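> Heads up: the sequence lines are chains F and S, in that order.
Following the numbering used here, the numbering of the first sequence begins with 1 at its first residue and continues without gaps.
Following the numbering used here, the numbering of the second sequence begins with 1 at its first residue and continues without gaps.
Derived by calculation from the structure, the hints in this document are not laboratory data.
Hints may be right or wrong, so weigh each one.
Short, incomplete list of chain F residues facing chain S, as computed with Cβ under 8 Å [to be verified]: (1) 111; (2) 147; (3) 155.
List of simulated lysine to any residue pairs, SDA-like, C-alpha gap at most 20 Å [claimed, not checked]: (4) F:235 / F:261; (5) S:97 / S:178; (6) F:162 / S:47; (7) S:137 / F:39; (8) S:137 / F:221; (9) F:162 / S:43; (10) F:221 / S:28; (11) F:221 / S:7; (12) S:104 / F:235; (13) F:162 / S:28.
Please read these numbers as outputs of a predicted model, since none were measured by experiment.
The beta-carbon is built from N, C-alpha and C at its ideal position, and this holds for glycine as well.
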Amino acid sequence: MASVAESGYIPASRRRRFSRRRVGQATAPYVLLLPAAAVIGLVLAYPLYLLVRMSFEKYGLFELIRHKGVWVGTANYASIFHDSEFWHVVLRTVAFTAACVSLTMILGTAIALLLLQVSRWVRIALTTGLVLVWSVPVIVAVNIWRWMVDYQFGVANWTLTKLHLGNFQHHDWFANPWTGFGVFTALIVWGAIPFVTITVYAGLAQVPNELLEAAAIDGAKPWSIFREVTFPLLKPIFVILTSLSIIWDFQVFQQIWVMLDSRPSSDYYTMAIYAFHQSFQISEYGLGAAIAVVMVFFMFVATLFYLRQMLRTGEVY
Amino acid sequence: MSRKRLRRVGWDAVGILVLVVMVFPVYWMISTAFKPGQKILSYTPQWFPTHPVLSNFRDAMHQQFFWDAVKNTLIVTSAVVVLSLVLAFLAALALSKFRFYGRKPFIVVILGVQMVPLAALIIPLYITMSRLGEVDKLSGVIVMYLTFALPFAVWTLRGFLLGVPKELEESAMVDGATRFGAFVRILLPLLGPGLVATSLFAFILAWNEFIIAYVFLHTPQRQTLMVWLASFTTLRGTDWGPLMAGATLCALPVVIFFLLVQRRIAFGLTAGAVKG
Chain F
1 MASVAESGYI PASRRRRFSR RRVGQATAPY VLLLPAAAVI GLVLAYPLYL LVRMSFEKYG
61 LFELIRHKGV WVGTANYASI FHDSEFWHVV LRTVAFTAAC VSLTMILGTA IALLLLQVSR
121 WVRIALTTGL VLVWSVPVIV AVNIWRWMVD YQFGVANWTL TKLHLGNFQH HDWFANPWTG
181 FGVFTALIVW GAIPFVTITV YAGLAQVPNE LLEAAAIDGA KPWSIFREVT FPLLKPIFVI
241 LTSLSIIWDF QVFQQIWVML DSRPSSDYYT MAIYAFHQSF QISEYGLGAA IAVVMVFFMF
301 VATLFYLRQM LRTGEVY
Chain S
1 MSRKRLRRVG WDAVGILVLV VMVFPVYWMI STAFKPGQKI LSYTPQWFPT HPVLSNFRDA
61 MHQQFFWDAV KNTLIVTSAV VVLSLVLAFL AALALSKFRF YGRKPFIVVI LGVQMVPLAA
121 LIIPLYITMS RLGEVDKLSG VIVMYLTFAL PFAVWTLRGF LLGVPKELEE SAMVDGATRF
181 GAFVRILLPL LGPGLVATSL FAFILAWNEF IIAYVFLHTP QRQTLMVWLA SFTTLRGTDW
241 GPLMAGATLC ALPVVIFFLL VQRRIAFGLT AGAVKG
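Same shape as in the complex, but just chain F:
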């Protein structure tokens, strides 16, 4: 009898202790997550919901003061999809993003590979220089480039003229949107290269030397070593860097806004500037919200890869 009671008692207590620990284990992560989740909810989740709702509403100055929009269904979307300017803006933004991202990735990777070939002192100098460039704030960079391409005293016009690449005296780069966007591409790629180079270089440093040597002994050419050995190993890094670059370059706003004195002509509208213009300058918040929703959608499609890669990498661990 006693032994039965005893044997009945001990497992019960053990079970209770076990379950208390389990309750602690179960609530702890939620408590830890709460502060971050609360902030993200307030500043991202609710506004995101509001954005989608506003895109279905007429929301002008009057509604802004009244704190309440008027439901209009898909009228905002119909209006922007029938607007030829909207499609110009979309095309311009996509093309601009493609140019910036591909140039950034190609040049950034090339410089990372170059770092493996140079002497130690050049590598240290170049890395320091890249970190220096990386550290320059965007608004500062915009002002530097603005000064370099100044139509009157800019160093760019003088240099290009001296190199006999044409007569660039008093050349206004922003008179023509093509050369204007050329300047913006240069500015953005210049600023983005250091991050890509340093990340890729850090990845390259982790590629086992034996693998590369084995490939070289087998007679592989440098380019095929890169394609067959290095690239597959670094593929996660490339996927993540490319998607991040797409995210950043697709929403370019401040470079254009500040460079053109907060008054960019409609030739320079990217989606971000177009949405900003519609809402804050002509007070059509509903239309602006609809454009913003389309923009979010574009970026979502473009970066689905990123999410998948990150989750996959996360699951490997």
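With chain F fixed as given, assemble chain S onto it according to the hints.
The following block gives chain S in isolation, referenced to the frame of chain F:
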């Protein structure tokens, strides 16, 4: 042997060329900042300031609201760094050390919010913040920056926490360390580079951010340095000397910070601290 050396000299030359091209804009800013006005406005650029002057810096610092902007930026930046570090660490701990219901959705949200374009969100954000009475206040800006710093911070710290093998912690505890002791002695040193990367990211984000500060802070006395610098441009567009001096001053703290932790960023971010 000599052919190999020749090739290396060739690559070195290319490396130096890349360095010169990349660094030139920064050099040009600094050298312009030290040049007197008549040397700046010359049709033939002067490559080196032969008679450097400090008047441009004096002019920049005597610009209206410069010191207000410095103070505001310092407040915002330090608040964002500290808060994001604490919040992100707690969240990363939950995501890396526990398996729980809703873990994966939270990770998707953390990654997903990085894709939400700020320029798109600014419209409803403005309305939300104005309802809360947080427009034109530093506290509102701090909360917003915090949110945009969190995804990267959580993700980075989570990666570092996952990189620490369980056995390392367990063996410390087997050797008699408490859970807290194991945390301080084993986990924290290994997390060092992650914490540095996280604070660096938050610092840069808060220091450099322009759009939110531009839209939300109307009063000139409440503006941050970047807004000050951008309005400098519109007020005196062609006064390049003081503008470049002001730009140099705005970039200086970030540059110093970056160069100080350079080794860590370049080699610590993905280095295998736990490989051996």
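> So, against the hints stated earlier in the document, which numbers end up violated here?
Those not satisfied are hints 4, 8, 10 and 12.
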